[in-house]
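Protein chains: 2
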Amino acid sequence: MTRAVDVSLVSRGREEAAAVVFRAQLSLWQARVNAALAECLPAPQSSPTRLHEAMRYSVLGGGKRVRPMLMFATAQAIGLGESDVERAACAVELLHAYSLVHDDLPAMDDDDLRRGRPTCHVAYDDATAVLVGDALQSLAFELLVSGENLPASAQSRVELVRLLASAAGSHGMAGGQALDLAAEGMQLSLAEVDAMHALKTGALIRASVLMAAACAPALDARQRQALAEFAECIGLAFQIKDDLLDVTGDSAQLGKATGADQRHAKATYPSILGVPAAQVRLRGLHERAEDALVSFGERADSLRSLAHWLLARAN
Amino acid sequence: MTRAVDVSLVSRGREEAAAVVFRAQLSLWQARVNAALAECLPAPQSSPTRLHEAMRYSVLGGGKRVRPMLMFATAQAIGLGESDVERAACAVELLHAYSLVHDDLPAMDDDDLRRGRPTCHVAYDDATAVLVGDALQSLAFELLVSGENLPASAQSRVELVRLLASAAGSHGMAGGQALDLAAEGMQLSLAEVDAMHALKTGALIRASVLMAAACAPALDARQRQALAEFAECIGLAFQIKDDLLDVTGDSAQLGKATGADQRHAKATYPSILGVPAAQVRLRGLHERAEDALVSFGERADSLRSLAHWLLARAN
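Respectively, the protein sequence lines represent chains D and F. Each residue of the first sequence is one higher than the one before, counting from 453 in the numbering used here. Each residue of the second sequence is one higher than the one before, counting from 453 in the numbering used here.
Keep in mind that the hints are not guaranteed to be accurate.
[Said to hold, decoys possible] To spell it out: a stretch of chain D is covered by chain F in this simulated footprint if at least three of its residues, at any positions, have a beta carbon under 8 Å from a beta carbon of chain F; those stretches are:
no. : stretch
1   : 501-511
2   : 580-589
3   : 631-640
4   : 667-674
5   : 747-753
Hints are computed from structural coordinates only; laboratory data are not their basis. Beta carbons: idealized from backbone N, C-alpha and C, even for Gly.
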């Protein structure tokens, strides 16, 4: 019996072992960013307590931490340590968390469930949820200009604020949300859906990678450009994957209701292209993302594994 | 007849002439900041058009521009020109505008009228109003790190972001809103109302003055402290005045419904102290604000006139 187990362990391929190591890396990164988020959020017993509790509830209640992971993996690819980008990673995650809280509001998508738990406005109330989102956005910017674990140079901090603000605003995430709302019940072209997602989810994913790169001011322009290309492909592919999961995924595994896009009559990649063509496009973008990383060699292995994990995930 | 008019003109006191000049100054400053805001907001025909239209509707539809005026007057007191603080003034006003849009939402104060016009969610819709506020906040931070009419040094820009973010967040304006919501229908002590207003309106007014001061990095600490004291007093006094106007003011002149505080059973200075004692406190704070400006001499005359105008205003 013992011998049979040993043989099975030995016969595991190198690839499989790497996958095990990578999953451990992801868990470590998740734990690291969760600890950092818990640290940078206001203490729950500090006034105003209800707002601070609700902020912590909304941020610390799970979530894959995709954007921080992208930042840690980007840091690795360009020779930075995790601590160099940790605070910027928290800022991006807070901004993402605010967008989910507002997106779930009755006035917006009206979702009751997020990450398997009641959404902020259900657990608290609508007014608190509005303020939670507002305060999380402010806190994201505050993190970029105060405290440690950030580039010391003021110039880099200014660049981080610039990247985050432009990714968040009306030419970024908020603009994408507006396009999404305007599209409800409309027949959109593929180009229009691309434009919407490039803003709604793409802008912040792109900013994540570029913000990690901004923490290494000496990075050469060619590598910065390659990372931007990688981020662009991943951002769009991630959305296609998300749309596909909403059609083909399992509600229990996802921790949220599936079929929401269809209920809201939203234009999605499966609805425009059909599921098989959407899958082909997903794979094409994944390949382009891989190509963009060639010049980074082995140092980009975490970014490669992350792309694989994001685009092949079941939830 | 002609002679009598001449005599009346001549007999106008120096003070009255100064008041006429000051009112012209205010109009100039309003026009200046309105032009700058129109310039820095996204063009209405750029996508997403509905969001951009609604952002412009919410920001450009009037308003006294108290915070930008405080910044222009502070600039004058410390030897800066208006152009040195113009962009920061726009950032503060955008942040203020976002807070009004969210504050008016049905989930919050549920107000239909603002500055004599339908509020954003009435003119557009609730979802758009949520996004307008979100995008205005992002834009406020974006303005501080890009473009001209700002201190060239990255260090000063970082300080501007820091001041604005901490004034906006859960330990500032958003926190004050949360305390205000929690207080609805409760009997608050004077200390509790002070604490609430110090965040809800005080934090951003204080930040306005300190941000103008941050545009002059060479300013000595004593003068910076004096301006902070001035701003603290003005912030609180401004709120007492606002509360008093809600009781004693004229809806048509104010451009919004009066009696709103009582309808929402909000704790206000008149409701806690009574109208006469609230007026006494207002005058005391005004005097402390004046005292704080002594060392600035004549250069602070605009700040003095502004304080007088804010605290003696009828709307």
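Status of each hint after checking the structure:
no.	hint	in the structure
1	501-511	holds (count 4)
2	580-589	holds (count 8)
3	631-640	holds (count 3)
4	667-674	violated (count 0)
5	747-753	violated (count 0)
Hint compliance for this structure: hints 4, 5 are broken, all remaining hints hold.
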